[in-house]
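Asker: These protein sequences, in sequence, are chains D and P. Going letter by letter, the first sequence gives residues 59 to 381 in our numbering. Going letter by letter, the second sequence gives residues 833 to 1011 in our numbering.
FYI, nobody ran anything at the bench for these hints, they're computed from the structure. Check before you lean on any hint, since a few could be wrong.
[Claimed, not checked] According to the in silico footprint, chain P covers these stretches of chain D (three or more CB under 8 angstroms from chain P):
#1 79 to 93
#2 104 to 115
[What the hints assert, rightly or not] With a straight-line Cα cutoff of 35 angstroms, these simulated DSBU-like cross-link-like pairs (lysine-lysine) come out:
#3 P:K867 <-> D:K107
#4 P:K867 <-> P:K991
#5 D:K107 <-> P:K955
#6 D:K223 <-> P:K991
#7 P:K991 <-> D:K107
Note that the Cβ used here is the ideal one computed from N, Cα and C, for glycine as well.
Residue-level listing of the chains:
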Amino acid sequence: MTPAETSSPVWTRKDLIGLEDLSRQEIEMILDTAPQFVAVSKRGSGIKKVPLLQGRLIVNWFFEPSTRTRTSFELAAKRLSADTLTMNVQASSSKKGETLHDTLDNIEAMHSDVVVIRHSFAGSAHILAERHDSHIINAGDGAHEHPTQGLLDAFTIRDHVRKQKNDPEATIDGVRVAIIGDISHSRVARSNIWGLTKLGASVVVCGPSTLMPQDIARMGCEVTTNLREAIKDADVVYALRIQLERQAKCLFPSIREYIRLYRIDNESLKHAPEHALIMHPGPINRDLELATDVADGPRSVILEQVSNGVAVRMAVMHLLVNS
Amino acid sequence: MLDAEAMDTALVRLAQEIVANNEDLHAVALMGILKRGRPLADRLAAHIDNMTGQRVRVGSLATTLYRDDLRSGKNVGSVGTHVTHFDFDVEGLTVVLVDDVLSTGRTIRAALDEIIDYGRPKKIQLACLVDRGLRELPIQADYLGWSISTKYEDHVQVKLKEIDGEDVVLLERSAEADS
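Same shape as in the complex, but just chain D (with noise of 0.2 angstroms):
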């Protein structure tokens, strides 16, 4: 075998729990690490599998409705070759009281290698993590983090810097990053927020003000109500789901207010640069935060974050457990 090229960074961590405790060199490996596991994906008439984490147990543990990252970390980890398990939640024994770290005591007592965890209590994968030998990712810790969205949406700012400079090592330091909507609620905008901000990226977060945290700014980045403000300058136009489940609060006045202020659409957009790009974590709200037309338009990036993100699923399982 031929030794490693050159003397590349070590991976060292046991569990992927926020990006607010990666370094811009960790996360910069795990986005090097992607690209191969997305050439994987796109084999044609091939095998769409390599054989990295074959029979190695990857539970996925879901406590909130989810489709898209609970298939995205499923398909992942066949990707990998790997076993995988689906806890689901509505029929299992948390709802007769047992609590995580018993549930986590059975799942690693059937040898469990990575436990994939979704919950609505902030800091939960971070407990588990301390007290347990599986590698634990998390997918969505209450309004704390969500770090693999984190890193597919750098991942695919990154990719389309990298192709508009025609330049394969072109990294998005300097990229101006606009995160429109429900700032409070949302551990996409947190992992965004550490992630872009430590690669370099300067971010901008807009919303009513109802909808953001008063000390959003410590987290690096600016802060504004005004949309055309905040889009005046932006390479990439980041729409949030506005969170009607948690609209029985009341954040704001209505939804038709909310349309007119800060939903993106042509209109809007007349006031983006012409090359911005448009993303979403979906699943979307169709015309309350995004229109139609924007979503399905040509400067949408939207599919393609849903592709990068198996792959990026696939780098950072494999950098888990191959490390």
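On the provided structure of chain D, position chain P as indicated by the hints.
Answerer: Positioned in the frame of chain D, the structure of chain P alone reads:
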């Protein structure tokens, strides 16, 4: 061990042997194993073009996702960043794997597995610039530039103009071997 001229002579001979061995060059694909196998595959293709006027297909193979040493923890966190790329279907082709140094044979084993995941080639052959011995698997080159017997502690390095700025093969015998 091998200077630029000797390397070129060896590559011309390898190209001749590939042509002699494969009647239908339209059905031949040279697959360079990254990183240094790819420039070698490009050079072989250029030589074959000069000799026959026929352009054979060329692709790149990373092989790293098929390594057998990742689970052992020896090469922690280093599948590297090479990406396999070729824009043809390997089904029914004669694929010639091209690498700079042949040693344990484990890279070639990984390459065989990777290729077969893409399709079923008619044949797979192997071309290497240097065989340094130390085989751990039953794998041999069909086209070989240079053969040399080495010990594990010795260091064999192939440098290529495209990557390293010069064409040379270096052999550094370990100190213990000398004494």
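Asker: Take the hints in turn and mark each one as holding or not.
Answerer: Here is what the structure says about each hint:
As drawn, the stretch 79 to 93 of chain D meets chain P at 4 residues by the rule of a beta-carbon pair under 8 angstroms; at three or more, the given contact holds. Given a C-beta distance limit of less than 8 angstroms, the hint that chain P covers the stretch 104 to 115 of chain D holds, as 6 residues qualify and 3 suffice. Taking the CA atoms of K867 of chain P and K107 of chain D, the gap is near 22 angstroms; set against the 35 angstroms cutoff, the hint holds. For the given pair, K867 of chain P sits about 11 angstroms from K991 of chain P by alpha-carbon distance, which is consistent with the 35 angstroms threshold.
At roughly 22 angstroms between alpha-carbon atoms, K107 of chain D and K955 of chain P fall within 35 angstroms of each other, so this suggested pair holds. As the CA atoms of K223 of chain D and K991 of chain P are separated by approximately 30 angstroms, the hinted pair is consistent with the 35 angstroms bound. Taking the CA atoms of K991 of chain P and K107 of chain D, the gap is near 33 angstroms; set against the 35 angstroms cutoff, the hint holds.
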